[in-house]
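Given the structure of chain E, go ahead and fit chain R onto it with the hints provided.
Protein sequences, first through last, are from chains E and R.
In terms of the UniProt record's numbering, the first sequence opens at residue 1 and continues consecutively.
In terms of the UniProt record's numbering, the second sequence opens at residue 1 and continues consecutively.
Hints are computed from structural coordinates only; laboratory data are not their basis.
Backbone N, C-alpha and C define an ideal beta-carbon position, used for all residues, glycine too.
Treat the hints with care, as some may be off.
[Stated by the list, open to error] Computed from the model, here is a short list of chain E residues facing chain R with C-beta under 7 Å:
hint	residue
1	Glu65
2	Lys72
3	Met76
4	Thr115
5	Phe116
6	Asn119
[To be verified] Straight-line distance between alpha carbons at most 16 Å, and here's what the computed EDC-like set of lysine to aspartate or glutamate pairs gives:
hint	chain 1	residue 1	chain 2	residue 2
7	R	Lys29	E	Glu82
8	E	Lys71	R	Glu73
9	E	Lys71	R	Glu19
10	E	Lys72	R	Asp52
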Amino acid sequence: MSTGEVEKQERNARGIPKAPFISNVDEYLGADPDAESALKDLQAVLAKYRYMDGNLTTRRRSLEEKIPDIKKTLTMVEFLQERREGKSKAGEDGDDLDDEDDLGDEVSKKPLKTTFELNDTLYAEAELEDTDTVFLWLGANVMLSYKIPAAISLLRSKLSAADASLQNVISDLEFLREQITVMEVNIARVYNWDVKTRREKREAAEASSGKKEIQA
Amino acid sequence: MRMLAQEDENDDGAEVNWEDQQRINSFSKLNARLKALEERITGLKQEKEALDDLSTELELADEDQLVMYRVGEAFLHIPHPRALKRLERDQAELDKDLATLVASSEDIEKEMKELKVTLYSKFGRAINLDE
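Next up, chain E with everything else stripped away, as it sits in the complex (with noise of 0.2 Å):
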């Protein structure tokens, strides 16, 4: 396979080359048959492919350890700012707090209490003064402040984002096992080729030396 032929090739959305279908092994390896060559170069092509999946597995995990984290971050900034629109709308609003209008007021003085994890297995309470700010961790050991509603639409894009580029890889992943599969067929083919060939040639040997000895 020559380079221009490479890059001829399909790709999938994301420049992952298609593997080449063998249909028939006889017109793939051509008038001057070399059938290990064939294999080896099958094979190269196979543990390419292996290498991405394993690349793009690793990527996967670590993107689904990161979504729940997102997620988790942002329902208690959520929760932070319902809290305060909360309070200032109890008083004409009732819509969402009809039935405990006298608890709204109760709670909006107290300051909330939470009980958190300090370490594993280690819980510590913390008392939340009403805050219009939230600390997000931008990894890096930075921490920078943002108002409620400037971290929620922070972590909403990056929720959406971490969300996409799962899904791509996922894509992508699903797009490799094809190939892989196709790479696996076809290195059975030429190898089954082979074996049937060899065969055949050693069959015919047997056959003429056989006539052979049997004129002598």
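Showing chain R alone in chain E's frame:
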């Protein structure tokens, strides 16, 4: 689809052509998707059970007491009625997620069934698509 498979039968029965290969590929792809979906569905079902338990638990709880309700990774001490409201909302959200997952897994199962019919009709015993 079935017409084509029957025509294929005329030439060598075990011969796998490109169309068959693509069918086999999509079958295996759908199978993997279904597995992943089933995993998520069992996860959500467990969560749903936990929320259902919580709802019976909250019914029994003293209404004047604060409830420790889990949001994200921390527990919030919130009044009983508020906890109920949150629980209702969480349950509704979970039910919605669960319904979408179940619907898409049913779609996949249907597609797989069609592929099975086509592939079995061509390859018969030479292929095994069941566990």
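Are any of the numbered hints broken by this structure? If so, which, sorted upward? 1, 6, 7, 9 and 10
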